[in-house]
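When you get a sec, could you build the whole thing from the sequences and use the hints?
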Amino acid sequence: MSEGIDEVLRSKLQQQGVWVSSMQELYNWGRKNSIWPLQFGLACCAIEMIATAASRYDIARFGGEVFRPSPRQADLMIVAGTVTKKMAPQIVRLYNQMADPKYVIAMGACAISGGPFKQGYNVLKGIDRYIPVDVYIPGCPPRPEALLHAFMELQRKIDQQKLSGANKAAHLDSQQPSEFPVPAFGKHDLEPPANPDIFHPPKPERV
Amino acid sequence: MEALEEIKARIEAGVPGAKIDFVINGAPSQQHSLHVDNEHARDTAKWLRDDPVLRLDFCSNVTGIDWVDRTVKKTLKVKKFVDGEEKEINETTEEKIPGYLEAVYHLYSIIHKHGPVIIRMRTSDRLENVCLPSLTPIWRSAEFQEREIFDLYGVKFDGHPDLRRILMWDEFEDFPMRKDFREPDDYEYEPTPHDDVLEKAKRHYASRPQSDGAGDIAEGLKRT
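These protein sequence lines are chains A and B, in that order.
For the first sequence, my numbering assigns the number 1 to the initial residue and increments by one for each residue that follows.
For the second sequence, my numbering assigns the number 208 to the initial residue and increments by one for each residue that follows.
Careful: at least some of the hints might be erroneous.
[Claimed, not checked] Residues from chain B that face chain A, not an exhaustive set, calculated with beta carbons under 10 angstroms:
1. 377
2. 378
3. 380
4. 381
5. 390
6. 391
7. 394
8. 395
9. 396
10. 398
[Said to hold, decoys possible] Simulated crosslink set (DMTMM-like; lysine to aspartate or glutamate; CA at most 20 angstroms straight-line):
11. A:118 / B:397
12. B:363 / B:244
13. A:86 / B:355
14. A:12 / A:25
15. A:187 / B:387
16. A:86 / B:377
17. B:407 / B:381
18. B:363 / B:380
19. A:86 / B:378
20. B:363 / B:381
21. A:162 / A:173
22. A:187 / B:358
23. B:215 / B:246
24. A:203 / B:392
25. A:86 / B:380
26. A:187 / B:380
27. A:118 / B:402
28. B:386 / B:273
[What the hints assert, rightly or not] Output of the computed footprint for chain B on chain A, the stretches with three or more beta carbons under 8 angstroms from beta carbons of chain B:
29. 116 to 123
30. 177 to 190
31. 193 to 202
No lab work stands behind these hints: they were computed from the structure.
From the three backbone atoms N, C-alpha and C, an ideal C-beta is built for every residue, glycine too.
What follows is the structure, encoded as structure tokens:
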């Protein structure tokens, strides 16, 4: 769990009614259990997201039931659906308007790569071309269980974030950007078509 | 509903000067249509809407078609005198049909519960004279669909109340549904490219110069 505390000692102290924790543990515990998503949907994946928020799957069990209509109050952006090139600048702008710390889940085939529309002219080939994505969910659309799994993965990720040190969390590092350039509408395509600082597609293995 | 020949004859009687042609559909559906000349298109449309027998009051669908330049080969058997003998010879004629853009309207009657009657309009070419009369003043439902045709095919509708791009952004200059549209090179690595995607991959890795700068970024990404 946390560094610097002997687990055996901690367990013995707990038996005596003494709870030992660290600032980092407390901080991450608080944050990971109240992730408020930004309320927006782009396509059919949004229907699954709505189902996840409703009573049967109930994302409230994980502290994520408060879908905020304002990016200023949201911690998590669930990119649920096809991101068209016309919509991409607005998504990046919404991401930029969110307050740190902020996380992104790319939900479904379209959001992670363009999916079935990858070879088309009007769909962005993955939102990770412009903003950093924390968890990718494959599926077309992914089931609510998959979104819950992604949510739990994100919680695990938050739980492991460091408050200090060389590899501290991005939002605590002043060197790390928290806003990314909004692409412009060009004559033929978005300009630029990808942000080379954050977009690193796999290298081709053969031609 | 009356036959298309009858409709054609009645339009020509009802709308003075209108030139109507049949467009025969050879597919099993046999859904033939009427090609209306651009000058009288709006009068014809108004007539179709108001005629008491037809009353085509509902325009359900408007779409565009891009016809590129094509050559049609026709083989005819011609009787000719060769060396004093009459012989049948196959004669091939090539006909060049210049390209044009087309708008197709599917019309129904809600009152009489019949349809569709399909009418088409054609531009004179694909590049400069791409104007067609808008039928939005006749059927309001055509408004967004004519905008879509303008957006994707580049047909300019005269008399349209609000002719702007509807799906692509305003700064966009191409017409993506035209046959000669060349999409920007934003190909991304795929493990098993095939067919069209393989073609795209080959074109991408051949790294062509591109006017919009997408090629430079692709180059940069390849180097990393």
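Hints and how they fare:
Residue-level restraint check for residue 377 of chain B holds (minimum Cβ-Cβ distance to chain A is 7 angstroms; threshold 10 angstroms). Satisfaction of the interface hint for residue 378 of chain B is found here, the shortest Cβ-Cβ separation to chain A being roughly 4 angstroms, below the 10 angstroms cut-off. Checking residue 380 of chain B against chain A: minimum C-beta separation of about 5 angstroms stays under 10 angstroms; hint holds. Taking 10 angstroms as the C-beta contact cut-off toward chain A, the hint placing residue 381 of chain B at the interface holds, the least distance being around 6 angstroms.
Nearest Cβ of chain A to the Cβ of residue 390 of chain B: about 4 angstroms, under the 10 angstroms cut. The hint holds. Interface hint at residue 391 of chain B: satisfied, since its Cβ lies 4 angstroms from the closest Cβ of chain A, which is below the 10 angstroms cut-off. Against a cut-off of 10 angstroms between C-beta atoms, the interface hint on residue 394 of chain B holds, since the closest Cβ of chain A lies about 9 angstroms away. Given hint, residue 395 of chain B at the interface with chain A, holds; its Cβ is 5 angstroms from that chain's nearest Cβ, closer than 10 angstroms.
For residue 396 of chain B, the interface hint holds, since its Cβ comes within 10 angstroms of a Cβ in chain A; the closest pair sits about 5 angstroms apart. Evaluation of the residue 398 of chain B hint against chain A yields a held restraint, the C-beta minimum of about 7 angstroms falling below 10 angstroms. A threshold of 20 angstroms between alpha carbons decides the hint, and for residue 118 of chain A with residue 397 of chain B the separation of about 11 angstroms falls inside it, so the pair holds. Of the supplied pair hints, the one linking residue 363 of chain B and residue 244 of chain B holds, its CA atoms being roughly 16 angstroms apart against a limit of 20 angstroms.
Restraint check for residue 86 of chain A and residue 355 of chain B: satisfied, since their Cα atoms lie roughly 15 angstroms apart, inside the 20 angstroms limit. With a CA separation close to 19 angstroms, the supplied pair residue 12 of chain A and residue 25 of chain A stays within the 20 angstroms bound. With a CA separation close to 17 angstroms, the supplied pair residue 187 of chain A and residue 387 of chain B stays within the 20 angstroms bound. Between residue 86 of chain A and residue 377 of chain B the alpha-carbon distance is near 10 angstroms, which keeps this suggested pair within the 20 angstroms criterion.
A threshold of 20 angstroms between alpha carbons decides the hint, and for residue 407 of chain B with residue 381 of chain B the separation of about 19 angstroms falls inside it, so the pair holds. Annotation: proposed proximity of residue 363 of chain B to residue 380 of chain B holds, straight-line Cα distance about 14 angstroms (limit 20 angstroms). Annotation: proposed proximity of residue 86 of chain A to residue 378 of chain B holds, straight-line Cα distance about 11 angstroms (limit 20 angstroms). Restraint check for residue 363 of chain B and residue 381 of chain B: the C-alpha separation of about 14 angstroms stays at or below 20 angstroms, so the hint holds.
The suggested pairing of residue 162 of chain A with residue 173 of chain A holds, with an alpha-carbon distance near 11 angstroms, which does not exceed 20 angstroms. Restraint check for residue 187 of chain A and residue 358 of chain B: satisfied, since their Cα atoms lie roughly 13 angstroms apart, inside the 20 angstroms limit. Taken as a hint, the residue 215 of chain B and residue 246 of chain B pair is honoured in the structure, with Cα atoms around 16 angstroms apart against an allowance of 20 angstroms. Between residue 203 of chain A and residue 392 of chain B the alpha-carbon distance is near 17 angstroms, which keeps this suggested pair within the 20 angstroms criterion.
Among the hinted pairs, residue 86 of chain A with residue 380 of chain B is consistent with the structure: their alpha-carbon atoms are about 14 angstroms apart, no more than 20 angstroms. A threshold of 20 angstroms between alpha carbons decides the hint, and for residue 187 of chain A with residue 380 of chain B the separation of about 5 angstroms falls inside it, so the pair holds. With a C-alpha separation of about 14 angstroms, the suggested pairing of residue 118 of chain A with residue 402 of chain B holds against the 20 angstroms cut-off. Under the criterion of a C-alpha separation no larger than 20 angstroms, the hint pairing residue 386 of chain B with residue 273 of chain B is consistent with the structure, at around 7 angstroms.
Beta-carbon proximity to chain B at under 8 angstroms applies to 4 residues in the segment 116 to 123 of chain A; the threshold of 3 is reached and the given coverage holds. For the segment 177 to 190 of chain A, the stated coverage by chain B holds: 5 residues have a C-beta nearer than 8 angstroms to a C-beta of that chain, and at least 3 were required. Beta-carbon proximity to chain B at under 8 angstroms applies to 7 residues in the segment 193 to 202 of chain A; the threshold of 3 is reached and the given coverage holds.
Checked against the numbered hints above, the structure breaks none of them.
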